[in-house]
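Trainee: Chain A is fixed; fit chain B onto it per the hints.
Residue numbers (this note's numbering), protein chains in the order written: chain A, 1 to 760; chain B, 761 to 1520.
Worth double-checking, as some hints may not be accurate.
Unchecked claim - These stretches of chain A come out as covered by chain B in the derived footprint (C-beta under 8 Å, 3 or more residues):
hint, stretch
1, 223 to 233
2, 334 to 342
3, 663 to 669
4, 680 to 686
Hints are computed from structural coordinates only; laboratory data are not their basis. All C-beta atoms, glycine included, are put in the ideal place defined by N, C-alpha and C.
Number of protein chains: 2
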Amino acid sequence: MASLEDIGVAAAINILSACAFFLAFSILRIQPINDRVYFPKWYLRGLRSSLLGAGAFANKFVNVDFRSYIKFLNWMPAALEMPEPELIHHAGLDSAVYLRIYLLGIKIFVPIAFLAFAVVMPVNWTSGCLQGSKLTYSNIDKLSISNVPLKSDRFWTHLVMAYAFTFWTCYILKREYHIVASMRVHFVASEYRHPDQFTVLVRNVPPDPDEPISELVEHFFLVNHPDHYLTHQVVYNANKLSSLVSQKKSKQNLLDYHNLKYSRNQTKRPSKKTGFVGLWGSKVDAIDFYTSEVARLSEEIALEKDKITKDSNYIMPAAFVSFRTRWGAAVCAQTQQCRNPSIWLTEWAPEPRDVYWDNMAVPYVSLSIRRLIIAVAFFFLTFFFMIPIAFVQSLANIEGIEKAVPFLEPIIEVKVIKSLIQGFLPGIALKIFLIFLPSILMLMSKFEGFISLSTLERRSATRYYIFQFINVFLGSIITGTAFQQLDEFTHQSANDIPKIIGVSIPMKATFFITYIMVDGWAGCAAEILRLKPLIFYHLKNFFLVKTKRDRIEAMDPGTFGFNSGEPQIQLYFLLGLVYAVGTPILLPFIVVFFGLAYVVYRHQIINVYNQEYESAAAFWPDVHGRIVVALVVSQLLLMGLLSTKEAAHLTPFLIALPVLTIWFHRYCKARHEPAFKKYPLQEAMMKDTLEKARESNLNLKEFLQSAYIHPFFKGCDDSDDDEMMEEWVQEPVVVQTKRQSRRNTPLASKQSCSLSSSGD
Amino acid sequence: MASLEDIGVAAAINILSACAFFLAFSILRIQPINDRVYFPKWYLRGLRSSLLGAGAFANKFVNVDFRSYIKFLNWMPAALEMPEPELIHHAGLDSAVYLRIYLLGIKIFVPIAFLAFAVVMPVNWTSGCLQGSKLTYSNIDKLSISNVPLKSDRFWTHLVMAYAFTFWTCYILKREYHIVASMRVHFVASEYRHPDQFTVLVRNVPPDPDEPISELVEHFFLVNHPDHYLTHQVVYNANKLSSLVSQKKSKQNLLDYHNLKYSRNQTKRPSKKTGFVGLWGSKVDAIDFYTSEVARLSEEIALEKDKITKDSNYIMPAAFVSFRTRWGAAVCAQTQQCRNPSIWLTEWAPEPRDVYWDNMAVPYVSLSIRRLIIAVAFFFLTFFFMIPIAFVQSLANIEGIEKAVPFLEPIIEVKVIKSLIQGFLPGIALKIFLIFLPSILMLMSKFEGFISLSTLERRSATRYYIFQFINVFLGSIITGTAFQQLDEFTHQSANDIPKIIGVSIPMKATFFITYIMVDGWAGCAAEILRLKPLIFYHLKNFFLVKTKRDRIEAMDPGTFGFNSGEPQIQLYFLLGLVYAVGTPILLPFIVVFFGLAYVVYRHQIINVYNQEYESAAAFWPDVHGRIVVALVVSQLLLMGLLSTKEAAHLTPFLIALPVLTIWFHRYCKARHEPAFKKYPLQEAMMKDTLEKARESNLNLKEFLQSAYIHPFFKGCDDSDDDEMMEEWVQEPVVVQTKRQSRRNTPLASKQSCSLSSSGD
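Isolated chain A (complex conformation):
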């Protein structure tokens, strides 16, 4: 077991590596050539234009202003400067609330850490149960609950602390839920007119032999919402079209690549082979080949578009129905339309950018079967994912590689390389699986048939959290695969499970401290460096970029990735709450993580990420719920731990804790969750009345007519859907300040603060 010194060394290494990342970042970000990698958000918002083309040649690529190198950490206060209302205006409510999760971690754990260090730690340290025993122990263990002897009355301290921590966490959670709910309500209320405020998605329109779907929808809503129905848009099945468009895009990229190559070296026309991945087949001229391919695909796309608009088989049994008033839409979205609850299903239309078009046509019965399949698949994924990985690992050994690529044998047989490969190979299959896991979970959610990106991400996040809870948290505490645990747990009594885990918890403290430093501290620092986008941007810039738009596409700002990011944070909440009472030495590491991550992600959200959709913080109930789960888990484990310490007389007092916590959760759910699921009629009516008074001659129909058309139909060109999307979100017209970069602090100026207040 590691001593305090070991941890100090590990901390030093990790702090140094984090500092190295930060240093690299500070040097790279002030190079003009990387400007689009580290500040894409400003380009996308149109607040920063290209630096290339102005100034001296050297200035274009390398920063020669040496003063800027000195203040290499000054992005940190800069990231914290932007006030929250401006941040909401700049990056959306989702991003602003996502940052509040880190803030929540700081708010919860800083007082808990102080209290634990002031009370729990001295009690543990002075107990001296381990001193006399013959067990090997370290200083860390002397600071943990393991040091308190059996049946000691000192456990009352831990009990009281458990209550104090629970009440504090619940208080902060409740306050935060309240704040986020009112932020959401205020955001929705102050938003300008949006198509999704007036629009309801209706699915599973029953087939009618006499009427086409479009007329059927119109008649149904004219009859059942006579005073409110305005217009509707049917949904086309454009899945084939979208695959054609993406094919064309990749061919176009290759064409551009070859063109560029030819233009640089005009001596040789580039050629390619027509067979699989260009490895065999007859040789043809690459530029001619791709030009003809692109032309063919353009033709096919035009044909397909024509077919879609004319052939009624392409119309899906779904439609976006728009209403005259927000009130009418709110009513339709929140009520059942038809006696049969599996047809004419209505729900709020997602934001146009948020729609996941491919799932529009999933029929009702299939939905419930799909959910069963995914539930079973996820169970197997969670508990048996080691089986295929072990199989791959058994294949990927030295002998296998030598057989497959015999000419590498002499290199592999070098002793150093051999041992390196042998140490590295078994892990690689697992690592690859873990990297792809969020994408696998996303695919699962897509198969389940959700129709908006935000729900897809939230669903994937839930699954990822469960996976991490079982395989990272439990898997690290009780070593062994998840399936072995499952098998063991079903053979244990319900009482024993918390005992087994509870007892192991203090012993794993050093492991988790290291984990927090590597995954949390160094991971954060790596996130800000953006190594992958940096490399890809320069590759693309070199091989593909011709026009300004190409450069914009090459930027790849990414998003904050709720589906993988949030479960990662939740793991820290879980660790913090579980260790708070027993081994509080872990808490400072978690506090540092939350602080660091808050600064890093605030910087990234301001300067880099470009959120694809705006769900107005619809994910908060999930975040809240998972922290409550962590709280209950920590209480159960404390109960298990104390019962092995023969302090069973405390158990009745501990039982009240989870009961109260669960009740607190139900109370919060009833009190605050409706703000995230429902749209109150009073609000709708208020906004309708205001709007009528302000703009009495508004042509709403025109405004809504084309809001929910499939992106590929928006314009004649099929690649400008992002821009089209942007147009829909009609923001109040403001004079945008096309600021030239203030190189070190790319923050909005104080003037642009007025933007947020005019967002009303």
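Mentor: Using the frame of chain A, we list chain B on its own:
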């Protein structure tokens, strides 16, 4: 362990006692003097008028027509004769659907019994594992799964049967859910105008310093539902008034009793003592005393009524809001009104008869605390109810009685009586507790703050089911109190619990067979005899009845009692499904129970019970859900049983069963439950349009004005609320056939069938 012969003897005894009950019933019911005990429903519906006063004196009290004694079982076919649509018209949809639960039992278990007898029984019988062993065994055991040797391949039969039974049960459940849902939809659609179709209950109206509640409500709904709001009624706090009224009623009863006594024996004025329960205090003339008391209370009631209507403190923050159209009401009931989800809570108003007035003023925060308290209280009630009972039992011993009432000592000391008391006393506390349990659970539900009788009953039924499941089902299988079980289970592994229970199940078959015969068969027969109402009716009739109305009040028809009746049936479903695969010998007993109970309750519903409210079968999702629970329990227990038989290779096949069953439940829930919770807008619009076309000059406001006034304000007289209630339910005017009783078959004549068809 009982042999087949023992069970035969027990069956004979129970059949004989059931026959004796039936015989007594057939003799008692044809006596004219008991007519109001056995046919109150017909009196209440006005289809049967008093028999007294017509014909010869003897005929008035005793039936002298000896032919009618011969056909003593002919009520049975008579009870089955009434077709279902007429039954719905006669007794309401709730009653008709309640009967379908028994029918469902027959539908599920008759084919299962046949299949089990044809396949499982021979397989068990011919296995002969017990023959060679030294264990004591009976013929019953030879018919059960215990007879199959370890690791036998014959367990495949049981596996296949488990699948067959599950699929059959699910198929029938799905079909029945569909039928009941469409019955409900049809019933609601064909109902004539009801106030609850237009009315929404709004609760937690926030206090406003500037406006009284009535105006506040009006303004709020005029603003937020401008085209639909019609009128509203505030809710008064009449709890004190209702206690005064009930006091007056009891005094009035005593006055009537003394008056009657004096009129029979004019020699002596009755007197009473004014102290506690009339045991001490000064002696006064009873008639004068009660006359003055009644007068005083009448005055107080008048005062209180006056106060309620004038003092604004008596107005609760709740109101019944009525709308112009069903569409408007449906919209308001199913949406959230205000940004804060804890104020302006709207929900469908219950039927006027169904309103539970006392809970109208429970504030929102208190609601969630009350639920926590009741949840904890119910947990203790379920697991620790034996503690107070054991305490009472320890007090209630012979010595204690002798000390309390010393003059009884010589009687008690007689040996026979002493042993009788000693055998009887310990059980009596438990028996009393079990009799009062449904009332205790009802009180709990009332404390939780539900606002309609139907929800109160459904909630109590759920709790009663859980209590029975733990204390009767599990308690009989694993002897010991529920708390001991809980303690044991938390120390067992999750795998072992189904094993322990599964193994005990076949051993308890004879116990449950006896239980079914005593509780089910004889219980049914006792139900039809109505011994308690019979005695009470005659007592009241003798002491209190003066007018025709008194006689109507003395009838006490009762209801079918969903809160205690349905959990009882569910226990039989549970037993049937659990024993179907292992010990099918139990099935015929259950089938007989369902058949007998169906006939008995059909008779009672037609002739006796008077349902207090009509919830349009809102309880069906609960019924369905509990049968699914029973199915899953039976599958888990089979898994446990088979794993002790070392047939673990079958377990993977069995695991799929509960997964599929739970998925089936979720599918049914999504597909059919909305019909019980929501009111589709299409329906509402259809009925509105029809009504507008038919009765264009209807004054809806007048119709709704007084629908939701507290019963005590309905008329000047406070005892005629039942009649007032009846008035509200405006049924189509039909010429009621005041039929004189056809003594043996008090069924509606064929002509009255037309009633049901005109109910549209």
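Trainee: Tell me the numbers of any earlier hints that the structure contravenes, in ascending order.
Mentor: As far as the earlier hints go, not one is violated by this structure.
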